[in-house]
Structures are given as C-alpha cells and as structure tokens.
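Asker: Make one complex out of these two single chains by using the hints.
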Amino acid sequence: MSVAGINVLVDETRAIQAGGKPPLLSVRGVSTYYGSVAALKGVDLDVGEGEIVTLIGANGAGKSTLMMTVFGAPRARDGSITYEGRDITRLPTHAIARLGIAQSPEGRRVFPRMTVFENLQMGASLHGERHFAEDLEKVCALFPRVKERLHQRAGTMSGGEQQMLAIARALMSRPKLLLLDEPSLGLAPLVVKGIFDAIRRLNREDGMTIFLVEQNAYHALKLAHRGYVLVNGRITMSGTGRQLLDDPAVKAAYLEGGGHGAAPGGAHG
Amino acid sequence: MDVFLQQLINGLTLGSIYGLIAIGYTMVFGIIGMVNFAHGDVFMVSCFIAMIVFVMLTTVLGLSSIALAFLVVLVVSMILTALWGWAIERVAYRPLRGSFRLAPLISAIGVSIFLSNFVQVVQGARNKSMPPVLSGGITLVESDSYSVVLSYKQCLIMGVTAVLLTGFWYLVQRTPFGRAQRACEQDRKMAALLGIDVDRTISLTFVLGAALAAVAGVLYIMYYGVVSFSDGFVPGVKAFTAAVLGGIGSLPGAVLGGLIIGLIEVFWSAYFSIEYKDVAAFSILAIVLIFMPSGILGRPEVEKV
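As given, the protein sequences belong to chains A and B, one line each in that order.
Each residue of the first sequence is one higher than the last, beginning at 1 in UniProt numbering.
Each residue of the second sequence is one higher than the last, beginning at 1 in UniProt numbering.
It is possible that part of the hints are untrue.
What the hints assert, rightly or not - Listed next, the in silico PhoX-like pairs over lysine-lysine satisfying Cα-Cα at most 25 Å (straight line): (1) 153(B) <-> 189(B); (2) 189(B) <-> 41(A); (3) 176(A) <-> 189(B).
As the list claims (entries may be wrong) - Calculated Cβ distances over 10 Å to all of chain B for the following chain A residues: (4) 31; (5) 73; (6) 82; (7) 189; (8) 222; (9) 251.
Everything labelled a hint here was simulated from the structure, so no lab data went into it.
All values reported here derive from a predicted model rather than from experimental measurement.
We put the beta carbon where it would ideally sit given N, CA and C, even for glycine.
Chain B extracted, bound-state conformation (with noise of 0.2 Å):
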C-alpha cells in the first residue's frame, strides 16, 4: 500500500509534464489538422533556456530566494520558448499552408532535427545538469521499511500544472480569443468572414502550446536536473501519445492521457520491470486505440450536420 501511494505520487508528478506538452500537441492538430513533430523539441529547448536563465540568475546575479528565482525562469522561458513556437510556426509551417497535407508533417520533422542539432552544436553534445534546487518534502506515511514522501518539488509540479491548467481552461473557455480558437477549429473559413484573422488565431496557438511546453520543461529540469540536446524526443513521443490516447483535438483529453501515460509507465517500472515500462505504455496506447479509435474523450469522425 506505501509503495503503492509513492508511485501514484511520482506517477502524477510525470504525467503532469506529460500533460502539458500533450496539451500542444493536440491544440495545433486542433487548429490546422498537423502533428507538430518538432514540439518535443521546443520542449528540449525550454529546457535549457530554464537552467541558462536559472543559473545567470543565481551565480551571476547572485540570486539566493529560490521562489523569486523560481518565478522568474518560469516567465523568461515561457516568453522565450513561446518566441520559438511563434517563429517556428511562421517560417516552417506558415509558408506551407495551402500545400499538400504532408508537406507541413515533413516541414516539422526538419525543425525537430534542425533544434537538436542547434542545441548540440551551442551547448554541448554531453549532458548538462543544473543544480539541485528545493530539497525536502513531507513524510506522509512513516514506517520502519519504507516512507511515502511527497516532496516539495513534485508539490510544486502538481501545483503548477493544476494552476496553469485552469488559467489555459478559463483562457479556451471564457475568453474572445479561445473562442476565436475554438472557431477556427470547428470552421476556419467561417470564422474569416466573421472578421477572425485566422492566421494571427494560429500562431497564437503556436505561441501557447509552446508557453506550456516551456512549463513542462523548467519542471522537468528541476525535478531531474539533467537535460541533453536528444531529450525532446522520447518525452515528445510520450506526449504525443498521451495526446491519441486522450482523443487527438480534445484538452482535457490531452491532460487525462499525459496522466495515464505517466501512471502506466511508474507503475510498470515500480512492479515489474524498468525496462519495458515504454513498452507497457504503448501497448496500452495500442489496446485503448483498438477499441476506442478516436481516443478516451475524443469525439468521433462522424457529425450531425
């Protein structure tokens, strides 16, 4: 039972990472029918924008309140990262639109290794780690074997992605510009000849998938430590994984899968093998698809019109 409510701790810790890359994955698919490919990338990338930022702030300007420096690496990358994803969207996609379907899919596939490769050529092919930040947590459970502890960086984690998740909810759900969103998903032509410039509405998109991966990446950073210029990959795949078995196009479907994802792979590692813990994941991945095709709350192809 303690072993059991530690991995369901560290399993939610992952999952919400999971969950907000997920999250640009299926907004873009969303928007403009294209899997972002190169998204686990500006994740990787937000990465080290975070522990740079993290670092100048605390050697070079000698930072020491770790909260205020905390704050501050979390807005200068999501501004930063969110630069990337509006370039990105405007050189490599932008220009394709109106192509062949695969052009932008191929077009993503560039930018993925074009980001690798940037980054392994500026910083480094090694690995870089950053500090260990925030040390600590609460004992919830104390025994003589075994202790359940929730540590304050995985308090944090679930904290943040809880907060930013409902600020993104209220932004999809309430606001002139997620509204503009959402209409340009379900109609994009209608909603030009209501006076949506559509492509501002995308690359807007664009802007915050990529704000959130850059929260999921400054979380990862600190509860890792360690980043290398391949690290978008495996999370991206992750995430996107997390996105189909959500229901590709679907929010809180995106949120819902990077849990799962992230639950299946520390249960799996915790109670059978570390090994295959991806391999459970995808098979779980590929069951849910067989009988679920369009995803856990994704909707259906077919629509009363």
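Chain A with its partners taken away, still in its complex shape (with noise of 0.2 Å):
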C-alpha cells in the first residue's frame, strides 16, 4: 500500500505540471463489492485533462468493474471519485453520464432490437438533433462498417461490429472524457490497429481525454501517455506508457508469451 501511495504523489504532481490544474477525473481510495466480496480495494488513479491512461491487468483483476464503479453502477463503498473537481460518488449513473463522460462498456452492450442507427441516436441522447448529422458521418469515417450496416438490426450483426458500433454510439455523446472497455476484444488484428489509429486521433485533434482498459497490453502501453496495474483489486503499479513497457514485471506479466492479445471469450452481453 505505501508503495501505491508513492505512486499516487508522482502522479499527481505529473497532472498538476501537465495542465496546471486538478486532474479531470481522480479516483481516491475506491472500495467496490459484489455482495461480501471486494472487487476493488482501496484504488487511487487519476486521468489528467487530454491524456490517455491505460489501465492493464489480467481477467478478473477488476478493470472493468473500476470503469463501471466511475458510474456509480455498483457504487464505490468506500473512497470518492471526483470529476473535474466535483465529488460524483454518489451521482445517479445518468447524471454521471451527463457530465460529458462516455463508455463503450465490457459485453460491448449494444441495443440489439434496435437498428445500428437507433443505437446511434441513443449515443446522441443527452444532445438530440444538435449536430446530429455532423456527428454520424465523422463515426461513420471513423467506422466505415457502421455505416454499411446503418440500417440493420444491431443484435445481428458480428461481435466485432458490434465493438465498433459501441464505441461509435460512445462518441455520439461528444464526451469529454471517454472510457473504453477492452475495445480490441474480438476484433482482427487490423481493426485493432484501426481502433487504436482512430483513438490517437481522438486524442490529438480532438483533445478527448481517454481512459482505456486493455488486456492487449502492449498497445496500449505504446499509445497510453500513463498506465496503471490492476491486480486483484489493487493498483500495484503505474508510470508513462514507456516506463511500463520496459519494465521487467510487467513484460513477465503482461506482455511475454503474446497470450494476452484479442483473445475472444470473456466478455457477457
């Protein structure tokens, strides 16, 4: 724990000289259970204004229940969680979502009965017909098969179309701070690759704030500014991208044997 508290100093005085100001979202201390069981223990993590951070770890480790804890679904027991300094811990996941904070969740979680367009126009949701039009053509260029398939039912198209339909629905909302949910699972190698061109874009010409959950560690240690190492519900590690790669625990873990690629499974609907 010490070691995790020396950690979060570093990061924090990495934000503060990065922008000048408190990080954009900053997670202190987070405790989540399901039931009696704790999923996350006491995690302490920030995401600075215009970065990427990446935050690697294996199944189970409680990636994704951190990125849902941010909406309050389940809800943190312990610690707060503030966004652009304001405590949301215990905003309605709504209200949360209002702030400008997007997700393209674990299980992809795309409407199925609804056409890929209705499931962008639910993306759209807190904007309506404001730049609407604008909005779906750049996804639309940024996902050339979102737009073949604008017409059909989401529920029938492919696992990896459905990955990119989430994270398009994701941008509809214009969000200033976008959390992606393993966005490479499922998808070939050269769509990953396309994700992750597309995510640095976002991220230089846009300045969206990105917080990705990756177990294809390697990329996104290369593209992520800062990573975080989730094990067992604990932040054991974190760094710039560059520091994580060339560390050796972390390439034993996490990026020898190439096992942890887009390896399919794993995810529930």
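Answerer: Now the structure itself:
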C-alpha cells in the first residue's frame, strides 16, 4: 500500500505539472463490493485532461468494475471519485453520463433490437438533433462498417461490428472523457490497429481524454501517456507507458508470450 | 352471414377495448419484467372517473354537446388516471426495485385490492349506471329477419382506438422518449450510461399505460353504461390474457391478442353458449401457448449475442 501511495503522489505532481490544474478524473481509495466480495480494494488513480491513460491487468482483476464504478453502477462503498473537481461518487448513473463522460462498456451492450442508426441516436441522447448529422458522418468515417450497416438490427451484427458500434455510440455524445473497456476484444488485428489509430487521433485532434482498459497490454501501453497495473483489485504499479513497457515485472506478466491479445470470450452481454 | 358480420363488428369493438388495456400490461412487463396486477383496477377507476366527469359536465354544467363532452371526458380521464398510474408506481413499485422478484408482484396484488375496496367505499357497492349517450347507427344490411347494424358507439370505439394506437405507435417508434423507452427495455444499465433517466422512463411508461387504460375505460362505460367496483378484475384478466396471447412485451401483439380474445368471446357467445365464453377464450390461450410458448408475436428468449 505504501508503494501505491508514493506512486499516487508522483502522479499528482505529474498531472499538475502537465496542465497546471487538478486531474479531470480522480479516483481516491475506492473500494467496490459484489455482495461481500471486494472487487476493488482502495484504488487510487488519476486521469488528467488531454491524456490517454490505460489500465492493464489480468481477467478478473477488477478493470471493468472500476470503469463501471466511475458511473456509480456498482457504487463505490468507500472512497471518492471526482470529475472536474466535483464529487460524483453518489450521483445517479445518468447524471454522471450527462457531465460529459461516455463509456463503451464490457460486453459491448449494443441495443440488439434497435437498428444501428437508432443505437447511434441513443448515443446522442444528450444532444438530440443538434449536430447529429455532423457527428454521424464523423463516426461513419471512423468506422465505415458501421455506415454499411446503418439500418440493420444491431443484434444481428458480428461481435467485431458490435464493438465498433459501441465505440461509435459512445462518441456520439461528444464526451470530454471517454472510457473504453477492451475495445480490441474479438477484433481482427487490422481492425484493432484501426481502432487504436482512431483513439490516437481523437486524443490528438479533438483533445479528448481517454481512459482505456485493455488486456492487449502492449498496444495499450504504446498508445497511452500513462498506465496503471491492476492486480486483484489493487493498483500495484503506475508510470508512463514507456516505463511500464520496459518494466521487467510488467513484461513478464503481461507482455511476453503474446497470450493477452484479442482473446475471444470472457465478455458477457 | 349476416349474423357473422354483426358478431365480427361486436367482437372487434370488444377487442379494441381489451387491446388498449393489454398495452399497459405489455409495456410494464417489457420494461421492468413485472405483471402489474393492479392494471385492471386502474381501468376500473378510469371508468368511474369518466362517469363522474360526464355526469358533472351534463347535469351540473349543463353541457349539451355530446361530442364536446366526450372529448373533455376523454382528456380529463386520461390525465387523472395517468396520475393514479404514476402514483402507484411511485408508492408501491419503485421502493421495491432491486428487491426480490416477487415483491413488486405481491405489492401489485395489494394495490389491486386497495383500489377495488377504495372505490367500493367511496362509490358504494352497487352497480353505477350512466345515461345512454350516442344512440343510433348505420344499418349495413337490411332484411326482414336480421339487420346488421354498426352503431355510432362502435364506430367511435374503433375509430378512437385506431387513432390513439397510431399516435402511440409513432410515439414509441419515432420519438426520443420512445427510443429511450425501448432502450430501457433492452438494457437498463446501458441506457443509464447514455444519460437516460431510467426511473423517469419507467414512471412515464406507467403513465402511458394508465392513460391508454383510461381511454378503454371511457369507451367501456360509454358502451355498456354500467360499472361496479369489481369490474376491474375480469377485463383486467382478459386483457392480460390478450397480452400473453399476442406475446408479452410486444405492442402489436397486445393489440392483436386483444382483438383475438374479443372475437373469440363474441363468436362463442353467438354460436355456442354465452356461459362458456370465458372458457373458450382461455382454452384458446392454452392451446396457442402450447405451440407458441412466447405468444403469437412474442420473441423467443434466446438471442444472438
């Protein structure tokens, strides 16, 4: 725990140096439980404005739980989550979304009996018709496959296509902070590359802040400015993407063998 | 043939009323997976509201235009009944969300008992009747032994039902609220992640279901002219049957199921025996469910993920 504490201090300094202001998203001592089982045990983590931050870890480490805890579903039992300096720990899920945070969640969760177009309209719920056409064009340019399928029911698409739709839907709300849960899951390598390029572009050109959960640690750390390692509900390491890539422990656990690529399965709808 | 045509008209009239009530069952089931057993009693309450408003308009205020009176009765009943629907969800169901599955069901039965007893206490236990309105009709087939008549009331019932269902269909399929409603049906958590206020959407679903039940109530009291505190149960069960027959969760299914139940009841009464009309309706339900367990237009449980 003390090691984690030191890392947090380092991170905070970095975030303040980077933007001269507190981080956009700040998670402090958050514990989340499923029944009496702790899934997160005092997690500290920061995402600064304009950063790409990645969270890596094995299956079941609690990565997706952390993503959902940011949205209050499930709610953190201890600790606090602040966004733009405002405590959002107890806000209802929809109110958190309205602050400009969007998520492409684990298991994709597209609305299966709606068309792709309607799914995108749902993504744009906060803005309604305002700049809908413009945003639609943009996500279609990013994911041409989504454009081809606009009037098909989302539930009839392949897993990879649903993944693209889930990301596209999240983008339709013009989020300030985008949470991506395993965007590479179930996708062909070429498509994965396309998605990671897209993430980089969203960050560079639109200044979107991105918090990325990945099992594909190599790609994620290469892309991210900073990264955290989550093991059994605790942050065990943090640093820049480069530092973590070169770290022998990270290498041994997450990078070697290449078995952590786009492994299918493990996601539930 | 003449008898058949007449019964067809009667059956469609009754079926329209069942269909309107059935939508309330099917929508609520779709969004929170609960059978709202109080819905039939909400319908009964709306009958009383309609009757009271009508009597006030015609006797107290001396309104002479039937068309205007009908319109006012319809709107006022829809609003007041919708308020009941909203309040019931708020008081009896929302606090139990996240509790065990049977809790809201038991609560619904409680609300049902409360409503019928409440009406019994404030309105009395005897049948209440309303002066007949809108008599006459169009004679479609004229013969010595049997005339087929489409009464103005029946025209009105089918017309109002068709118009409201079209409007309702538009609301669910084409508006942001309808989209949010369907999204909540498919994945409530995801809808919340997109900024949809799920509780509010559920509330509005109850409000809409109650408003449509009120339309059914107004048409029912106008058609039959009589209502009692216990009249929520049988039409409620029939409409629920209609929703199950059509495939619970499916809106077109609810309307189709309503029409089928209405037709079966009427035809059975005309050609066989009126005493066994309910047996006929429920037997058809049982037979259909054996061969189509998810109803006529319902979707099977399994889905490609």
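Asker: Confirm or reject each hint.
Answerer: Hints, one by one, checked against the model:
1. For the hint linking residue 153(B) to residue 189(B), the alpha-carbon distance of about 45 Å lies beyond 25 Å, and the restraint is violated.
2. A hinted pair counts as satisfied when its Cα atoms are at most 25 Å apart, and residue 189(B) with residue 41(A) qualifies at roughly 23 Å.
3. Taking the CA atoms of residue 176(A) and residue 189(B), the gap is near 21 Å; set against the 25 Å cutoff, the hint holds.
4. Even its closest Cβ contact with chain B, about 20 Å, leaves residue 31(A) beyond 10 Å, as expected for a residue assigned away from the interface.
5. Against chain B, the non-interface label of residue 73(A) is violated: not every CB pair exceeds 10 Å, the least being about 6 Å.
6. Residue placement check: residue 82(A) keeps its beta carbon more than 10 Å from all beta carbons of chain B (closest about 19 Å).
7. With a minimum CB-CB distance of about 23 Å to chain B, residue 189(A) clears the 10 Å threshold, and the non-interface call stands.
8. Under the 10 Å C-beta cut-off, the non-interface status given to residue 222(A) relative to chain B holds; the minimum distance is some 28 Å.
9. Chain B leaves residue 251(A) outside its interface by the beta-carbon criterion, the shortest separation being 34 Å against a cut-off of 10 Å.
Violated hints, in rising order: 1 and 5; the structure is consistent with all others.
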